[in-house]
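If you read the sequences in order, they're chains A and B.
Going by my numbering, the letters in the first sequence line up with residues 2 to 118, in that order.
Going by my numbering, the letters in the second sequence line up with residues 52 to 161, in that order.
Worth flagging that the hints you see were computed from the coordinates, not collected in a lab.
Don't take each hint at face value.
[As the list claims (entries may be wrong)] Here are the simulated DSSO-like pairs of lysine-lysine, each with C-alpha atoms no more than 27 Å apart in a straight line:
1) A:Lys64 <-> B:Lys98
2) B:Lys157 <-> B:Lys95
3) B:Lys157 <-> A:Lys64
4) B:Lys95 <-> A:Lys24
5) B:Lys157 <-> B:Lys98
[Unchecked claim] Below, a sample of chain B positions facing chain A; criterion: calculated Cβ distance under 10 Å:
6) Ile69
7) Trp88
8) Ile101
9) Tyr102
10) Pro108
11) Ser112
12) Glu134
13) Asp138
14) Thr149
A virtual CB, placed ideally from N, CA and C, is assigned to each residue, including glycine.
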Amino acid sequence: QVQLVQSGAEVEKPGASVKVSCKASGYTFTSYDIHWVRQATGQGLEWMGWMNPNSGNTGYAQKFQGRVTMTRNNYISTAYMELSSLRSEDTAVYYCARDLSYSFDYWGQGTLVTVSS
Amino acid sequence: QSALTQPASVSGSPGQSITISCTGTSSDVGGYNFVSWYQQHPGKAPKLMIYEVSNRPSGVSSRFSASKSGNTASLTISGLQAEDEADFYCSSYTSSSTVVFGGGTKLTVL
Chain A
2 QVQLVQSGAE
12 VEKPGASVKV
22 SCKASGYTFT
32 SYDIHWVRQA
42 TGQGLEWMGW
52 MNPNSGNTGY
62 AQKFQGRVTM
72 TRNNYISTAY
82 MELSSLRSED
92 TAVYYCARDL
102 SYSFDYWGQG
112 TLVTVSS
Chain B
52 QSALTQPASV
62 SGSPGQSITI
72 SCTGTSSDVG
82 GYNFVSWYQQ
92 HPGKAPKLMI
102 YEVSNRPSGV
112 SSRFSASKSG
122 NTASLTISGL
132 QAEDEADFYC
142 SSYTSSSTVV
152 FGGGTKLTVL
């Protein structure tokens, strides 16, 4: 069965960076794009960007351009999302999700990133 | 890219039908057949309910249906059940090669 398993919760200080991982199983990792979506507590979903694991090509929401980097390691079927220059407003649950025609059919369990001094 | 517009809340009684709207522009909802709907229960990851405007993934109840007219997409839930109570989000592909979500709609089953 398809699974996306994310890394554990993180606590970071303002100005620092965080890197969240997303390990895929149950399908051919390089055959589907991976997207990242975040959700602040009590707020809605916010799309951050996508990555093609086969080519490494990426596309980011304008809001995160210059601060986010999405990468992968195909040998271990794992995608990564790194967000830099963290501020308190970046406190949120971060999800990875598999692409199905610009929708997201499988989601990771979410990773809580807390930014606090 | 502005978020798609959804009503903040809708409600209905068990057995009734409800419809949630999702309004965008010709650069997103109106321009592409890549509108999706998600259900999210508290503390859980979102679940895909509809993709490509009106397609249901395997395992999603036929009580969920969706359509699009112009710049507005709609999700209809028929035969409301208590377990349908959740937050619902629409999303769309955009002309900027990005994805945009709606603000979310809280469904209350009375």
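Hint by hint, here is what the structure shows:
no. : hint                 : verdict
1   : A:Lys64 <-> B:Lys98  : 25 Å, holds
2   : B:Lys157 <-> B:Lys95 : 15 Å, holds
3   : B:Lys157 <-> A:Lys64 : 26 Å, holds
4   : B:Lys95 <-> A:Lys24  : 18 Å, holds
5   : B:Lys157 <-> B:Lys98 : 15 Å, holds
6   : Ile69                : 19 Å, violated
7   : Trp88                : 9 Å, holds
8   : Ile101               : 8 Å, holds
9   : Tyr102               : 4 Å, holds
10  : Pro108               : 6 Å, holds
11  : Ser112               : 16 Å, violated
12  : Glu134               : 19 Å, violated
13  : Asp138               : 8 Å, holds
14  : Thr149               : 6 Å, holds
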